[in-house]
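Asks: Each chain is listed here by its residues.
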Amino acid sequence: MNTQTVLEVRNLHTHFFLRRGIVKAVDGVSFTLARGEVLGLVGESGCGKSVTALSIMRLLPRGGARTIQGQIWLDGTDILTHTPRQMRDVRGRKISMALQDPQTSLNPVFTIGAQLREALMRRLRAAQAAITQAAIAALRAVDIAAPEQRMGQYPHQMSGGMKQRVVGAIAISGHPDVLIADEPTTALDVTIQLQYLKLLKRLQQDTNMAILFITHDFGVVARMCDRVAVMYAGRIVECGKVTDVFAHPSHPYTKALIASVTKLKGSSGRLPTIEGQPPSLMDIPIGCRFAPRCPHAEQRCRDIYPPSFPINDTHTADCWQLAPS
Amino acid sequence: MKRYIAHRLLQGVLLLCLVASIVFFVGRLTGNPADLMLPEDVSAEDRAALIQVLGLDGPLHEQFFIFVRNALHGDLGMSIRMRQPAVEAFFSRLPNTLAIIPWAILLAMAVGIPLGVVAALHRGGWIDRMAGAIAVLGVAIPSFWLGILLIFVFSVQLGWLPSGRMGGPSHYVLPVITLGTFLIAGFMRLVRSSMLEVMDSEYIKLARIKGLRESVVIWKHGLRNALIPVLTLWGVFVGNLITGAIVTETIFAWPGIGRLTYEAVIFRDFPLLQAVIILKSILILSINLLVDILYAYVDPRIRLA
Numbered sequence: 145m146n147t148q149t150v151l152e153v154r155n156l157h158t159h160f161f162l163r164r165g166i167v168k169a170v171d172g173v174s175f176t177l178a179r180g181e182v183l184g185l186v187g188e189s190g191c192g193k194s195v196t197a198l199s200i201m202r203l204l205p206r207g208g209a210r211t212i213q214g215q216i217w218l219d220g221t222d223i224l225t226h227t228p229r230q231m232r233d234v235r236g237r238k239i240s241m242a243l244q245d246p247q248t249s250l251n252p253v254f255t256i257g258a259q260l261r262e263a264l265m266r267r268l269r270a271a272q273a274a275i276t277q278a279a280i281a282a283l284r285a286v287d288i289a290a291p292e293q294r295m296g297q298y299p300h301q302m303s304g305g306m307k308q309r310v311v312g313a314i315a316i317s318g319h320p321d322v323l324i325a326d327e328p329t330t331a332l333d334v335t336i337q338l339q340y341l342k343l344l345k346r347l348q349q350d351t352n353m354a355i356l357f358i359t360h361d362f363g364v365v366a367r368m369c370d371r372v373a374v375m376y377a378g379r380i381v382e383c384g385k386v387t388d389v390f391a392h393p394s395h396p397y398t399k400a401l402i403a404s405v406t407k408l409k410g411s412s413g414r415l416p417t418i419e420g421q422p423p424s425l426m427d428i429p430i431g432c433r434f435a436p437r438c439p440h441a442e443q444r445c446r447d448i449y450p451p452s453f454p455i456n457d458t459h460t461a462d463c464w465q466l467a468p469s
Numbered sequence: 057m058k059r060y061i062a063h064r065l066l067q068g069v070l071l072l073c074l075v076a077s078i079v080f081f082v083g084r085l086t087g088n089p090a091d092l093m094l095p096e097d098v099s100a101e102d103r104a105a106l107i108q109v110l111g112l113d114g115p116l117h118e119q120f121f122i123f124v125r126n127a128l129h130g131d132l133g134m135s136i137r138m139r140q141p142a143v144e145a146f147f148s149r150l151p152n153t154l155a156i157i158p159w160a161i162l163l164a165m166a167v168g169i170p171l172g173v174v175a176a177l178h179r180g181g182w183i184d185r186m187a188g189a190i191a192v193l194g195v196a197i198p199s200f201w202l203g204i205l206l207i208f209v210f211s212v213q214l215g216w217l218p219s220g221r222m223g224g225p226s227h228y229v230l231p232v233i234t235l236g237t238f239l240i241a242g243f244m245r246l247v248r249s250s251m252l253e254v255m256d257s258e259y260i261k262l263a264r265i266k267g268l269r270e271s272v273v274i275w276k277h278g279l280r281n282a283l284i285p286v287l288t289l290w291g292v293f294v295g296n297l298i299t300g301a302i303v304t305e306t307i308f309a310w311p312g313i314g315r316l317t318y319e320a321v322i323f324r325d326f327p328l329l330q331a332v333i334i335l336k337s338i339l340i341l342s343i344n345l346l347v348d349i350l351y352a353y354v355d356p357r358i359r360l361a
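In the order they appear, the protein sequences are chains A and B.
Going by this note's numbering, the final residue of the first sequence carries number 469, and the count climbs one at a time with no gaps.
Going by this note's numbering, the final residue of the second sequence carries number 361, and the count climbs one at a time with no gaps.
So here's chain A without its partners, still in its complex pose (with noise of 0.2 Å):
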């Protein structure tokens, strides 16, 4: 595999600025994505993996967020520093995004073939016959049978598997670099979700484009990723290899998480769940954001957020406990 890095995050901040407080949703995110490499993004619902996905597409919705510090390095250049024009252009083209919602996801007044062929007419400057048969190409290439009848179909007309293959050629359509799949399977029926994580896969070894999965579910990491990173209320906590981060889970976050997905083999009892809540992205606690419910925490868990420790050439976690003493 190639090691080129496609995509740095460097301490990534993006923040809501509400009328009832900040709600710092990104905290401090950093990570690199190889080229050709899916890393998946794990964490419970609202601990900030869309909105750090929003804030590499520059795309945050509006009503008070703000991306306030950082650097996203993306094929050499700081994308933050782009300006609305120059994003355009790499949007689409050199990263590209896969969202959550078919039903929602593509414009319902508008053919399949029109809503491809708009997103394919910025790569190819070509005829509108050339373009049409790359649109009806693309559509085979996510599994689509008989494209062209397709083509003339609105989404209503499409099953949700179907929409979401179609919104997913629309993504890769100006073959990006880096993918952005917001929990592309969440919205799916148990089966198409297999299918479609088939689908990706095979289209991410064929083009060697780099992914950012955005998952909850720790089975699809298992089946998907090379690599892992573990998000806790706006921080990635721990990262590394899936076979090590699976193997030996470092951070008690990661642990507890691990330990509560459901294994068929083995005991029948209860399932092991971690006590408390997430703390209010309002109102981060100083120290480890997870001190309150960590069955380890010390004084100084909540006093200093812990630095990344390295556990192995690439894997780390933020945890004190991993401190050389």
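Hints were generated in silico from the structure; no laboratory data involved.
Stretch-level coverage of chain A by chain B, calculated; a stretch enters the list once three of its residues show a Cβ under 8 Å from a Cβ in chain B:
#1 195-206
#2 234-242
#3 251-262
#4 304-315
On a predicted model such as this, the values are computed, not experimentally measured, just so you know.
The beta carbon of each residue, even a glycine, is placed where N, CA and C say it ideally should be.
Position chain B against the provided structure of chain A, taking the given hints into account.
Replies: Structure of chain B alone, referenced to chain A:
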């Protein structure tokens, strides 16, 4: 779709019966037209004779049955004042009203839709508040006041535009502004709220992810969706205009069906009033039906449902 249209037509017929009955009885509450046509010192016999000629003698329910029977035969009676069939009077005036209504809608859309889009894009900002203020003014200003004000400024003081009657293009300006202003607010507020909803949707996000220009995202992907609810209310708006034309046409001495309605009321011209109201109702019902059919063509989800 055919069943739907048939259902709507049946509904329309029922509604027309109701409208016809109401206008028949309510009209007669205003008094007797004979009193307006005769001098005050007329003899009782002459008065009775005129009432008989007008068909206003006999019990009310008998008059109503005669009215219904004739109406079913397509005869809505003779206008008392104009001495011509009421239907004929209506259709001779209708083109004059239809000549200003499209311009009024066009004006209202040309101002209201962009204003609504811009307001939605600057939600909460001063542009939004300005647009809101314009919209409120449009609704709050009564058209009789606006019409008279426009005549005062542009006809009397500046002498730029004619103050009334039909004529060349310059005669259209003031009535169209007066009639259209009322609808600007309707279009603006509707477009604003539906645009706000649309711009927060996932497909707008996907359009931006594709790297489309912001103008394409707003005016193509956004507005096309935001206009769907606007089209639904088009029928209502046209209805508003036909009703609103009564005041505007009266002020500008515009010989359309609005002024005809006004005259029918003032002169207690019952057959004319009945004919005008019934025909207007048919007009509004047909426009509404037409809009609903059109709606199905804009929104593919309805077309194929």
